[in-house]
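Student: Here's the letter readout for the chains.
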Amino acid sequence: MTKTLTLQPVSRVEGHAKVTIQLDDSGNVHDTRVNVIELRGFEKFCIGRPAEEMPRITTRICGVCPWSHHLASGKANDAVFGVTPPPAGKKLRELCNSIAYMEEHILHFYFLAGADFVMGPDADPAVRNVIGILGKVPDVARKVVRVRHMCAKMLEMIAGKSIHPDAVVPGGFSRPLLPAERDELRKMADECLDLAKFSIAFAKESIFPQYLDTVKSLGVIETGFLGTVTDNGALNLYDGKLRLMSKDGTFVDFEYDKYTDFISEHIEPWSYLKFPYDKRAGAFSMDLNKPNGIYRTNTLARINVCDHIETPLAQAELEEFRKSFGRPAQLTLLYHWARLIELLYNAENAIRLLDDPDITNPETRVTAVPRAARGVGCVEAPRGTLIHDYTTDENGILTNVNLIVGTTHNNAPINMSVNQAAKAVIKDGKYDQGIMNRVEMAIRAYDPCFSCATHRFDGTMPVKIDIYDSRGRIVDTLQN
Amino acid sequence: MSNDFHILPEFCTKKILVLGCGNTLFGDDGFGCAVADYLVEEYEIPSHIYVMDAGTGVRKLLFTLAISEALPDQIIIIDAVDKGRIPGDVFEISLDDVPTEKADDFSMHQAPTSNLAKDLQSRGVGVKVVVCQAEHIPEFMHSVLSEPVCQAVSMAGDRIARQLSLERISGSITYPSSSCLPSQSL
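One line per chain: the protein sequences are A and B, in this order.
Take 0 as the starting number for the first sequence in numbering that gives the first Met the number 0 and just add one per residue.
Take 0 as the starting number for the second sequence in numbering that gives the first Met the number 0 and just add one per residue.
Keep in mind the hints are simulated off the structure, nothing from the lab.
On a predicted model such as this, the values are computed, not experimentally measured, just so you know.
Any given hint might turn out to be false.
To be verified - Partial selection, computed: residues in chain B whose CB lies under 10 angstroms from chain A:
id, residue
1, 3
2, 5
3, 7
4, 42
5, 45
6, 52
7, 57
8, 70
9, 72
10, 90
11, 125
12, 139
For glycine and all other residues, C-beta sits at the position ideal for the given N, C-alpha and C.
Can you build the whole structure from these sequences, using the hints too?
Tutor: Laid out in structure tokens, this is it:
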């Protein structure tokens, strides 16, 4: 009798996510699907509005990574208006990006995915959460909480507010940084770097070795990768060109505004979300044995596509990582390791930017005049490559808008990793809470926009599992 | 944990937080944000109170508070709900009365907020939830509040202001607030 298991997170971040696992007659996984209901109507909503409103509007799309949308939208505006921000404006934007990254990566590693590792994937859901971490490693938690607070404070000092920011404007940044503010921020950045160094050392010593077998087996797929690099191939999260790497490690580089030449979008009737894929592959397939055109974004992708990292500590970690896992590294749970390398990079980068005399230059913006044009803005959001594509008329009014967000790029690989994980851990119809969590772990590695929904603060897993027979009748429901 | 005030974001240092929640891109779901804007426009906000359009970022704010030792005495959460009442009705609910469809994300802003709020409540923070019955929360983006909910913005704002003994800014423009107008409601 065919059964269908449906894991439906009750809470959500950027839309509901529902995992359906269909079992065959012998109780093994026949097929899986991850459904995400994304925000709808955004492009239509924006058409007819002045382009310069977009950096402010887009922060309302999602409260999880408003800075990424704010920055991508600002860059799209620069392109539409044909302006280049002065060095201070660009560097302040990049500084905010690095700080926002630290805030997000700390949250994800320690409080979302980290709970799976610190407490163990089979731990009681009542303790497999932030409260469990605070109790188990209180000294670590104390450092983490302090720096996370500090990151919010830093963004507040630079941009006025960290939630729904409005400091990025077409042509630059709305306010300069004062030398006294820079000096205070510099001290905070040192503490951020200390935590970043501690985090990767702590993970390499106390966490990753324990779960290496899981890392080598859970959610493993082989794909290409997409990320941003500078002209000399260095990792960059704010600006550069896109690099699309095939699974054999060969790659092509292209400018942001050429993305439609290299990326196509596949549609599945069962999913609201599109499935972007590498156009050069000619066709799309999520077959685990013969995938075609699939690429991934987010931390592991960025660490794979870059030739090097321009900050010394992160570069040393990259070299060690590549020595262990090669290039491109394919193991899905390595997203967490790569996330910590990025945390280190961002801490170093924040210090580099704060030490740059340009950062306090009062010239932070240039005047932007409306015109008819197309402009593409792109940044690396913590969750993947984020593309904003705007077209305006001669008055600067939007006539076309297209957005591709990080989680959308990862739609196909998330589906594939869940499929692989489910096949590996569900045998002969046997499943329990720990097994289900391992399937979720495969999703959480990608840090999708709905990931925080999978760990409620009160410790329960917000998951409902409906088991259907082949006639569509519910034969079992698991819910907490 | 962290009680080093100089490194705390400003909202973590206040005794009373007023958080307007919701997504201004989805019609009446923007009610809470409009009330926060109204309070800031119409009333003097004393230094121990922080009024914020938390919008879709409330999870981040509450999470930051939840892991902090520096806690406010009181949090007032303002949001829109569908409780089957007359659109525009403004009333208070307990966290346990948060509708199941919002039990974890609390609003269109998609976060496990009610759990975070409950945790704060269990640690001695007074949590008050002021809600407005929505007329329509669209499936597709639409940034304008419905007429009854728009009218309720000043009612809710004035009620909260009385509870907090806020003084109206002299010469301020009374309702309708600009925060209700489509061009300002983002």
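Student: Hint by hint, note whether the structure agrees.
Tutor: Hints, verified against the model:
A cut of 10 angstroms between beta carbons decides the hint on residue 3/B: the least distance to chain A is about 7 angstroms, and the hint holds. With a cut of 10 angstroms, the hint placing residue 5/B at the interface with chain A holds, because the nearest CB-to-CB distance is about 8 angstroms. Interface restraint check: residue 7/B against chain A, minimum CB-CB distance 5 angstroms, threshold 10 angstroms, status holds. Hint on residue 42/B is violated. Least Cβ distance to chain A is approximately 19 angstroms, over the 10 angstroms limit.
Proximity of residue 45/B to chain A is violated relative to the hint, the smallest CB-CB distance being about 19 angstroms (cut-off 10 angstroms). A distance limit of 10 angstroms between C-beta atoms decides the matter here; for residue 52/B the minimum to chain A is near 7 angstroms, and the interface restraint holds. Here the hint on residue 57/B is kept, as its CB sits about 7 angstroms from the closest CB of chain A, short of 10 angstroms. Here the hint on residue 70/B is broken, as its CB sits about 13 angstroms from the closest CB of chain A, past 10 angstroms.
With a least beta-carbon distance of about 19 angstroms to chain A, the hint placing residue 72/B at the interface is violated under the 10 angstroms criterion. With a least beta-carbon distance of about 24 angstroms to chain A, the hint placing residue 90/B at the interface is violated under the 10 angstroms criterion. Interface restraint check: residue 125/B against chain A, minimum CB-CB distance 19 angstroms, threshold 10 angstroms, status violated. Hint on residue 139/B holds. Least Cβ distance to chain A is approximately 3 angstroms, under the 10 angstroms limit.
Violated hints, in rising order: 4, 5, 8, 9, 10, 11; the structure is consistent with all others.
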